[in-house]
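Asker: Residue-level listing of the chains:
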Amino acid sequence: MKAARIFVVLMFMFMMMTACNAAPAAAEPNSPGSVTEVSGSDSATTSPDAAAGTPEICSTDAHGCAVFKPGDVVKIGMGAPMTGGDASYGFDISQGGTIAVQDSGEFEGFKFVLVVEDDGGTAEGGAAVANKFASDPALVAVAGHIYSGATSAAIPIYEKAGIVMLSPSASLPTLTTLGSAVFNRIVFTDARQGPPAAEYLFNKLNVRKLAVLHDGSDYGKGLAETVAAKFTELGGEVVITEAITKGETDYTPVLSAVAAKNPESVYFGGYTAEGAVIVNQMKQTGLENAIFFGDDGTYGADFLSRTGANGEGAFATIAPIPADSPEKAAFDAAYLEQFGKEAGTLSPYTWNGYDSVSALIAAVKSVAVVGNDGNLYVPRGALISAVRNLTDFHGISGTYTCDAVGECNTLPPTFVMVKDGAWVPAP
Amino acid sequence: MNETLPISIARKGANVLKYLRPVFGAVILIFIIYRLIQTLLIQEIFGPETWTRLVIAGMIIGSVYALIAIGYTLVYGILFMINFAHGEVMMLGAYTCFFVFEALKNIKVGADHSLAFSNAYPVISIIIAFILGMSVSALTGFLLEKVAYRPLRQAPRLVPLISAIGASIFLQNAAQLLFSPQLRDVANPQILARGSGWKFLINGSSVTIPYTGVFTFLLSLILLVSLYLIVQKTKFGRAMRAVALDKKTASLMGIDVDKTISLTFLISGALAGAAGVMWGLHNSMVYYFTGFVPGIKAFTAAVLGGIGNLPGAMLGGLFLGIIESVGPAALGIDFQLKDVIAFLLLIVVLTFRPSGLLGEVLAKEKV
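So the protein lines, in turn, are chains P and S. For the numbering used here, add 360 to where a residue sits in the first sequence, where the first one is 1. For the numbering used here, add 9 to where a residue sits in the second sequence, where the first one is 1.
FYI, nobody ran anything at the bench for these hints, they're computed from the structure. Among the clues, some could well be false.
[Said to hold, decoys possible] SDA-like cross-link-like pairs, simulated, lysine to any residue; straight-line CA separation at most 25 Å:
hint : chain 1 : residue 1 : chain 2 : residue 2
1    : P       : Lys569    : S       : Asp343
2    : S       : Lys208    : P       : Ile651
3    : P       : Lys606    : S       : Val132
4    : P       : Lys701    : S       : Gln191
5    : P       : Lys569    : S       : Gln52
6    : P       : Lys643    : S       : Lys117
7    : P       : Lys643    : S       : Ser205
8    : P       : Lys643    : S       : Trp207
9    : S       : Lys114    : P       : Asp463
10   : P       : Lys569    : S       : Leu210
11   : P       : Lys581    : S       : Asp343
12   : P       : Lys779    : S       : Lys114
13   : P       : Lys643    : S       : Phe188
14   : P       : Lys492    : S       : Leu346
15   : P       : Lys606    : S       : Phe188
16   : P       : Lys492    : P       : Ala541
17   : P       : Lys643    : S       : Leu261
18   : P       : Lys643    : S       : Leu186
19   : P       : Lys581    : S       : Asp348
20   : P       : Lys643    : S       : Val132
21   : P       : Lys492    : S       : Leu236
22   : P       : Lys569    : P       : Ala541
23   : P       : Lys606    : S       : Lys117
24   : P       : Lys621    : S       : Thr61
25   : P       : Lys492    : S       : Ser189
26   : S       : Lys117    : P       : Pro785
[Said to hold, decoys possible] Ranges of calculated distance between the beta carbons of each label pair, as one might list FRET restraints:
hint : chain 1 : residue 1 : chain 2 : residue 2 : range
27   : S       : Ile42     : P       : Thr592    : 41 to 49 Å
28   : P       : Lys492    : S       : Val36     : 40 to 48 Å
29   : S       : Gly56     : P       : Glu585    : 22 to 30 Å
30   : P       : Asn491    : S       : Lys27     : 30 to 38 Å
31   : S       : Ile174    : P       : Lys492    : 23 to 31 Å
32   : P       : Lys564    : S       : Ser123    : 34 to 42 Å
33   : P       : Ser745    : S       : Val36     : 25 to 33 Å
34   : P       : Asn566    : S       : Asn115    : 52 to 60 Å
Predicted, not measured: the structure shown is a model, and the values here were computed from it. For each residue, glycine too, the CB sits at the ideal point set by N, CA and C.
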């Protein structure tokens, strides 16, 4: 009996050790995890009434100053889905941000760093990451979050903490109508993405009977509703609207019900993980002739690898692929060198990730002051208004000027489709 | 608890329950019948082609549930314990499926080394995947019993249950650390490509029976029938049934109880592994959380059929799969509510038959 017990304990320890040893090996080589760990939060503190040498602005600023001693790093946060079926978005956008940090250099000897935390793209994850960021005194701004659901849960927390946000990809229209002072974004909104998609379906593809599916998320549902409204307005018929459950691998029942209505096209508001399953199963549920029309959430390399031949002819709307410029060429080369992939294959937002982080760092540089004691002071209130008043900021994806509610981009989407196993501009 | 309550209160509670239960069941039944008449007879939303598609989808997923449910029922029958780590055993089988096909895809054969092994010899590849998947899962089940349950054999019944939940969390996290949390796609051989299948026309609309689905359904039927034969006809099966009835007496009759229990875990693990490989081939996506939902559903199926009862688990699995698939359409409600329908059905069945659909065997012999 005793021998058996010892065996059990040894066995358990062995299993634990295997798991621990395997952890570093399992981490992706491109993981931005390498830049996440930073010490120094112990010495950086937010206190407007610190010792002598504190600049005057800190005592008048609404949210006080973040204080950095020489040698500390200034943190820019990013909440992104780094695990699960939509992780390619988190990896891609944070990798763009990592390059932005490298390009932005230092400010008076203070370095910047991008801190990426996994929020899983969910509201719960978004709130958890936001609370973590809000309790870090060295964190001055957030380039995010990536998904709308996570972002809407995070906004009130940053609002209270006085941390400014500039999302590269959260496109839910209502995010900027909540009256938040801290939230801004450089992505187009779904109000700009949906109606052109409906027009494209109606005018270019001559679709008259449309089925609308969504994943029930803030983003997917909002987008699907916008498309359905515009499509009906144009004179088309929305034959069925169905919600699916996120994270499942069998949507044949709901697709069978959709097929019974004989739609000419299926519009899906949601992300790649579910979109790819739907495309595969459309072929076996009587929807093989219907056109799959996705959104900026179903674009990317993962969609291609998961759907294979079934994905041919699928459409998506994405943020405008930036025009060629020396900055874009330099970025693409750096991305390929550091992460081994062409920029833009994982998601359409890596350039936005770069722009968002570099705009935030530029804003921090514009408001930060070095006190008489050699410490760096970043007034949070001033930073919030600096980002909101961003004017003619030249990024890779375009030139950004934020309006009164924090919308910094007003470009319409680009249409792409899958042809011969690759995403190409749609005719 | 009853001894500590005044007798009048206890009796009153029992009386209320006695009336409430049939009323509750009847209300749900009336609602279901009303909705069925609405959608089937009055509105006629769906034609026969849709119903066929729904039933096909339900039978495929149901046969996977049945295979996993067998594992729950076998272990419950013999140890009176719910092996909550069973879904994770299935997940490891699905991962093995992914790794085997990934490896075979990269072995190039043929004259110019351009053809992947899995496409050149699909049948052999699939057999390799099943053998490896079932072995990995069987071994996991075997070690699970040795590590997590055997030391607690004499403990109160709640203790191994907690241990099972712990083992489930451990296996999930181990898989996440070992294989990364990303979604993996199984590279099916071309003959089982996703979306391909036999097509035929009903009402002018083409209905597809996917090859992966037929394969899944037939193979699980074969496995289930052979398991039933093993349990009913072989010496080992007799030993298993004897241990399930009475461990002490069985050991007095010269049956090695520990060995029988180990073998039971091996068999239930192998079945879960087969279910995992089928899951990988049919649904294609594998990640560390893959086993959780099928595990819970299969547990439901086992309870539905009468836990501890083999044909019950098979019936419960198929029943649950079909209800899940057909239910929302038949009741004319949102497809997101399919789990609600499945669990509502569980409540209705347990209201009228607390021991499950085929539960008498258990009720008479074991409790």
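Asker: Is the Cα-Cα distance between Lys569 of chain P and Asp343 of chain S 25 Å or less?
Answerer: Answer holds: Lys569 of chain P to Asp343 of chain S is near 20 Å, not above 25 Å.
Asker: Note whether the CB distance of Ile174 of chain S and Lys492 of chain P lies within 23 to 31 Å or breaks it.
Answerer: For Ile174 of chain S and Lys492 of chain P the Cβ distance comes to about 27 Å; the hint holds.
Asker: Does Ile651 of chain P lie within 25 Å of Lys208 of chain S when you go C-alpha to C-alpha?
Answerer: Since the Cα atoms of Lys208 of chain S and Ile651 of chain P sit roughly 20 Å apart, the hinted pair holds (cutoff 25 Å).
Asker: Starting from Lys643 of chain P, check that the Cα of Leu186 of chain S is at most 25 Å away, please.
Answerer: This hinted pair is violated, its Cα atoms lying about 35 Å apart.
Asker: Checking one constraint from the list: CA of Lys569 of chain P to CA of Ala541 of chain P, max 25 Å. Satisfied?
Answerer: 42 Å, violated
Asker: Measuring from beta carbon to beta carbon, are Asn491 of chain P and Lys27 of chain S in 30 to 38 Å?
Answerer: This hint is violated: roughly 49 Å between Cβ atoms.
Asker: Given the hinted pair Lys701 of chain P and Gln191 of chain S, is their alpha-carbon gap at most 25 Å?
Answerer: Roughly 17 Å between the alpha carbons, so the hint for Lys701 of chain P and Gln191 of chain S holds.
Asker: CB of Gly56 of chain S to CB of Glu585 of chain P, is that within 22 to 30 Å?
Answerer: 28 Å, holds
Asker: When you check the alpha-carbon spacing of Lys492 of chain P and Leu346 of chain S, does it fall within 25 Å?
Answerer: 34 Å, violated
Asker: Straight-line Cα separation of Lys606 of chain P and Val132 of chain S no greater than 25 Å?
Answerer: With a Cα-Cα distance of about 34 Å, the restraint between Lys606 of chain P and Val132 of chain S is violated, given a limit of 25 Å.
Asker: With a cut-off of 25 Å on the C-alpha distance, tell me whether Lys606 of chain P and Phe188 of chain S pass.
Answerer: Given that 25 Å is the threshold and the Cα spacing comes to 22 Å, the pair holds.
Asker: Within 25 Å, alpha carbon to alpha carbon, are Lys606 of chain P and Lys117 of chain S?
Answerer: Answer violated: Lys606 of chain P to Lys117 of chain S is near 37 Å, above 25 Å.
Hint check: violations occur at hints 3, 6, 9, 13, 14, 17, 18, 21, 22, 23, 26, 27, 30, 33, 34; the rest are consistent with the structure.
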